[in-house]
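Undergrad: These protein sequence lines map, in sequence, to chains Z and G.
Heads up: the first sequence begins at 17 in the numbering used here, then just goes up one per residue.
Heads up: the second sequence begins at 524 in the numbering used here, then just goes up one per residue.
Since the hints were derived computationally from the structure, they do not count as laboratory data.
Where chain G lies over chain Z, by a calculated footprint (3+ residues, C-beta under 8 Å):
1) 28-36
2) 68-75
3) 78-90
No residue lacks a Cβ here, since even glycine has one placed at the ideal position from N, Cα and C.
Spelled out from the first residue to the last, the chains are:
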Amino acid sequence: MGNRQSPIINRQSDDELISAYLDGRLAEAERAAFEARLRAEPDVQRRLDVTRLLVATARALPAQPLPRDFTLPIAASAAPQTRAGARVNPLNWFLRLGSALAAAVFVIAIGLDLAGLSAPPAQPPAPAMQSQEAMAADVVMTVPAESGAAAPPGAAPAGASPEAQPASGEQPMQAMRQAAEPAVETQPTPEQPAQPMALPKAAADTAPAATLEAGSMQPAVVTETPATRVDALPASQPTEAPQSPDATMRPSESAPTAPPQSDTTPWLRIVAGVAFALAVSLGVLGWRRS
Amino acid sequence: MDEAALIKAAQRGDAHAFNTLVLSYQSQAYNVAYRILGDAASAADATQEAFLSAYKGIRLFRGGSFKSWILRTVTNACFDALRYRKRRPATSLDALGADDDAQDGDFESFIASADESPADAAERGELRSAIACAALKLPPDQRVTFVLSDIQGLTYEEIADIMQTTLGTVKSRLSRARAKLRDALLARPELLPDAFRP
Numbered sequence: 017m018g019n020r021q022s023p024i025i026n027r028q029s030d031d032e033l034i035s036a037y038l039d040g041r042l043a044e045a046e047r048a049a050f051e052a053r054l055r056a057e058p059d060v061q062r063r064l065d066v067t068r069l070l071v072a073t074a075r076a077l078p079a080q081p082l083p084r085d086f087t088l089p090i091a092a093s094a095a096p097q098t099r100a101g102a103r104v105n106p107l108n109w110f111l112r113l114g115s116a117l118a119a120a121v122f123v124i125a126i127g128l129d130l131a132g133l134s135a136p137p138a139q140p141p142a143p144a145m146q147s148q149e150a151m152a153a154d155v156v157m158t159v160p161a162e163s164g165a166a167a168p169p170g171a172a173p174a175g176a177s178p179e180a181q182p183a184s185g186e187q188p189m190q191a192m193r194q195a196a197e198p199a200v201e202t203q204p205t206p207e208q209p210a211q212p213m214a215l216p217k218a219a220a221d222t223a224p225a226a227t228l229e230a231g232s233m234q235p236a237v238v239t240e241t242p243a244t245r246v247d248a249l250p251a252s253q254p255t256e257a258p259q260s261p262d263a264t265m266r267p268s269e270s271a272p273t274a275p276p277q278s279d280t281t282p283w284l285r286i287v288a289g290v291a292f293a294l295a296v297s298l299g300v301l302g303w304r305r306s
Numbered sequence: 524m525d526e527a528a529l530i531k532a533a534q535r536g537d538a539h540a541f542n543t544l545v546l547s548y549q550s551q552a553y554n555v556a557y558r559i560l561g562d563a564a565s566a567a568d569a570t571q572e573a574f575l576s577a578y579k580g581i582r583l584f585r586g587g588s589f590k591s592w593i594l595r596t597v598t599n600a601c602f603d604a605l606r607y608r609k610r611r612p613a614t615s616l617d618a619l620g621a622d623d624d625a626q627d628g629d630f631e632s633f634i635a636s637a638d639e640s641p642a643d644a645a646e647r648g649e650l651r652s653a654i655a656c657a658a659l660k661l662p663p664d665q666r667v668t669f670v671l672s673d674i675q676g677l678t679y680e681e682i683a684d685i686m687q688t689t690l691g692t693v694k695s696r697l698s699r700a701r702a703k704l705r706d707a708l709l710a711r712p713e714l715l716p717d718a719f720r721p
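I would like the entire structure built from these sequences, with the hints used as guidance.
TA: Structure representation (structure tokens):
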């Protein structure tokens, strides 16, 4: 059967038999059959002898001396040890977790702060200016009519100060002040009596000079008073201030945009600062422990 | 302290315990690497890399033969070095002097054996050198199997454990390696003793 196989297969089979025979890996029957072949086939016997010499010589190869010591330096090998200890140390886990949470809070706070800062500044100024200008124009249109109807030309309002009274008999100045004073006197509130009174006073003082230069420019001078009044309007009393529906709506539209920005951003920045300090301190502490 | 206790201590991060294990196996590990790679510098690098890798992964050791586990890391490091050498071929100065190393070893053995003539000792040295050089030309799998079996004297089972393969594969690789080396020797009959020459 073995003679019918190709020489290469026979040779490989012989090599496996030789190797297994040398290592004592053949069963008793296989070993007996192979020894019978050795006696009959000198070529197989020669290959076996050379292989035995090879194995014996290889086994006797001298051991090479060590070029150096392969023990790990303790300092270098301490790193994996501490890492292994850190895995079971709850304090290190707490420090790392706290640092990560604080960093997350910091990022969220900064993000909210930036979102709050980026959105309002682009839009609020325009509506505010528009409302002031539009309100000024409305007041110009509405105040003379109201002042002419509600207040008699010669009657001074009860709240008017003596300094605001006309100093001369010039009719343009009186008309100017009569037109301006009712709008001003409706503004004072029990909480803020002084500020609304001061603004019309200044406006009244500047009004004559403007009207003396050009009488047709009176509305333009009058508009300054409502415009400053809009800024001075307390948000808590929207029902007492307005003289016209237009004047009441526009300040109330521009009011909500400013307060959230000014109220939340300081808190966000405080939270961000605290979170940043906490993240850094916990991170440094955890790093120094590990 | 026995080996199991040292292993457990090393798994807890005790570097001293691991170094004690290194001292036990570093000679065998280095010699395996030397016979596989053929030069001292590459063998030292592979051995150091293997011990470092073993230290990092010793927690993954789940029992069994620690010697087989260490030699597995060494042979893996040698395979990595051979792959790197194949990508970037270079001639090592140590490899050029491999014959000298073998002859140095033979000289030591010649001094030790008083019943051998100088001519016989020289022939034996040349034969050893020829075998060591021929082994470096074997395919890596057969080379590692030959080194572990015929130079280090490990059993088939240990080799199969180290190389993560079957006994049949070990037998096959070893028989092929031996056959190639034998044919290399037969091609140079002057290296063989008189009794083996045709």
